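Student: Residue numbers (the working numbering), protein chains in the order written: chain A, 937 to 1342; chain B, 5 to 217.
For the record, the hints were derived by calculation from the structure and aren't laboratory data. A portion of the hints provided could be inaccurate.
Claimed, not checked - Part of the chain B face toward chain A, derived, beta carbon under 7 Å:
# : residue
1 : ARG87
2 : LEU115
3 : LEU116
Only a predicted model underlies this, so the values are computations on that prediction, with no experimental measurement involved. The beta-carbon is built from N, C-alpha and C at its ideal position, and this holds for glycine as well.
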Amino acid sequence: MSKQLSSAIKGKQRISFKTIAPFLIIGQNRSSRIFSYTGLAIGVLLLLCSIQMFININQLLKEKNPRKNGFDFISVTKTITNQNMGSDNRFTASDIKEIQSQSFIKDAAPLNSNQFRAKASAGTIIPFSTDLFLESVKNNFIDTVPPSFNWQPGQTDVPIIFSADFLEMYNIFAPAQGLPQLSESSVGSVSIVLECYGPGGVQNFRGTIVALSDRINSVLVPENFLLWANNKFGNSSNAPAARVYLKTTDANDPALLKFLEQKNYHVNKDKTKFGRVKQLLQAVVSGLGVFAILVILLAMMLFSFYLQLMIARSKDNLKLLLTLGYSPAGLSKTVAKKWIPVYTIIILLSLFFTALLQYLFQHFVLSGREVLSAYLHFSIYLLAASLLLLCVIINYKLIKKLLYRL
Amino acid sequence: MNIHLENVIPEFLESEKIESSDIWNKNILVNKGERIQIVAPSGRGKTSFIHFIYGLRNDYKGNILLNNQNIGLFDAEEFAITRSNSCSIIFQDLRLFPDHTVFENINIKRLLNPFHGEERIKEMASRLGIENKLDRLAKTCSYGEQQRVAIIRALQQPFDFLLMDEPFSNLDESNRRIAMELIDEEVSKRNAAILLADLKILEFFKADRIIQL
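Please model the entire structure based on the sequences and the hints provided.
Tutor: See below:
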C-alpha cells in the first residue's frame, strides 16, 4: 500500500448519519426493534440485580459462614446407645486412621481432652467458678486463630478459644445468677484463673479468651499446653479422643453420610446449615445471572436479525454507496453510532432500576440497617459500562461484516 | 500519478479479440493529465476494462498498477479511498439511486469528499439544462437527463483519473458538446487524466491518444 494511501486510510472517512440516513431503510419492523430493546433492558436489569444480590449475600452471610476455603468442618462422636453406654466410646488410633483414609474426607483430627481436673474462676470481679473441660485440636481446624494463640513451657498465661455458643448460653443464665452479661468484644478482657490439678500436682494459670469460635463447641487451648498439662497433672499423654473433627468438601455428601451411619458415628451438622443456605442462595442467584446472560444474548440476536433485515432491504443503496467510494468501515461506524444513545438509555435505565431495588431492599427489607450499603457496588457500574461497550462493539462488527458481504 | 496496465487479459474474452487488441496483453501507461480515447465496437470488453481499473471486477490475468500499487491486492477500504480521492467514474449504466432526487444523487457524492460547494451543483445542472429537475426523483427523469446527472455527480470530488464509459450515448449533439465542455473545465482544474471508452471516435473530444480495444 502506498504511503499516501495508508495515510489517507488512517485519516478515515467521516460520514455523518444524516448524510446516509435517507439511503437506509430503517423505519420498518418497529416491533422487532422494540422487542429487542425491551429484552436487552430486562436482561441487563436481571444481570445487574443478580450480581448485586450475589455481593449482598456474600456480605450479609460473611461472618456466619463456618466454611473455610470451601471446606465443611464437622464434629463426630460415637453414638451412645443403651448397649454401649458402659464401654469406652472414644476413638482409637485405628478408628482415626480409617476415617482419614476415606476419599471424601480431606482431613481428620481428634479433639484431645484434659486428663486432669480443671477449674475456672473469674477472680473477684465476677464471682463465678466452675469445673471445666479443656480440649485441643490442630490449628488449621479452627476458624479463628489469632497470633496470640500459642503457649511456651513456663508461661503462666494460657490463651483460650471459646465457643461462641457457650458465651451465648452463659449470657442466658448469667442474670439469674447475679453475674454480668458479656459482649463478644469484652470477653477478652475477663481474666480467668485456671486451676489445674491431678495426681501430678496443682498449678494456677491465667486464662484469656483470645477468640470465639463459631465452628467448634469447646474450650480450646493450644495443643502443646494440653499435652504438657496432661503429662504433668494427669500423668498420661496419649489418651484417646471422644470427638474427631472432619474436614470435607461437602458435609452432605451421601458417601460420607453412609460411612458415618455405617460406623455408628454421630454428626452435628447444625454448623454447616448456614453455609448450605448461603450456597443455595448463591446458586439461585448465579442461575439467575446465567438466565440474564441468555436473555441478553437473545435480545442481541433479535437486534442482529433486525440489522440484517435493514441491510438486506437497503442492499442496493448500500452497494451503490460503496461503489461511489463510501468505505465499509466508515459506513459501519456511522450506522453503529446511531444506536449508541439507544443502548446508553437502555443500560442507564437498567442501572437506575437496579440502584432503586438495592435502595428499597436495604431500606425496607433490612430496615435501613448498615449491614448492607444502600448503594450499588462499584463493580455493577463497571459491568454496566462494559455491557454498553460490548453492545456497541458487537453492533459495529456485525454491520461491518454484513457490509463486507454485499 | 499514473495507471499502468501490465499484460491484462480478461479471463472471459476470446483469444482472437485479445490478439487484435492494442490494450489486452500489452503494456499501457496512462499519466496524469493525459486524454485517452478507447474505441471499440460492442463485445470487446470496454465496460470490463473501465470496471477493472475502478476495481469492480477482477476476473483478469496480469496486473493493473495505480501509482505502482497493484490494485488486485487492494481491500475494500483501499478501494474506498481510491474512489473518493483519485478515481471518479461515469458508468454506462449510470447507477443512480432511483428513489432519490437528482440533487440527492449528486450531493451524496459531493459530501463524501467535497471538491465544490453545494451551489456548484445548481450551476452545473443549469449548464446541462436540468436545473428544474433537481427536486425530481431520478427514476422519473428521462435517460438523457439521468446521463447528465451521472456526469455532474462524477465531477463533485477530487480525482486524478476520470473514467467514462459511453458517457454521451443518450445525449444529442449539442448536449454532448456542452457536457464535454463542462468535463474539460473540471478536468483541467484537477490536471486529471481522462479515459473515455466509446463505440466510435468522438470528434469533439480532443484525445492525446486513441487506442483500439
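Student: State for each hint whether it applies.
Tutor: The hints, checked one at a time:
| no. | hint | verdict |
| --- | --- | --- |
| 1 | ARG87 | 3 Å, holds |
| 2 | LEU115 | 5 Å, holds |
| 3 | LEU116 | 6 Å, holds |
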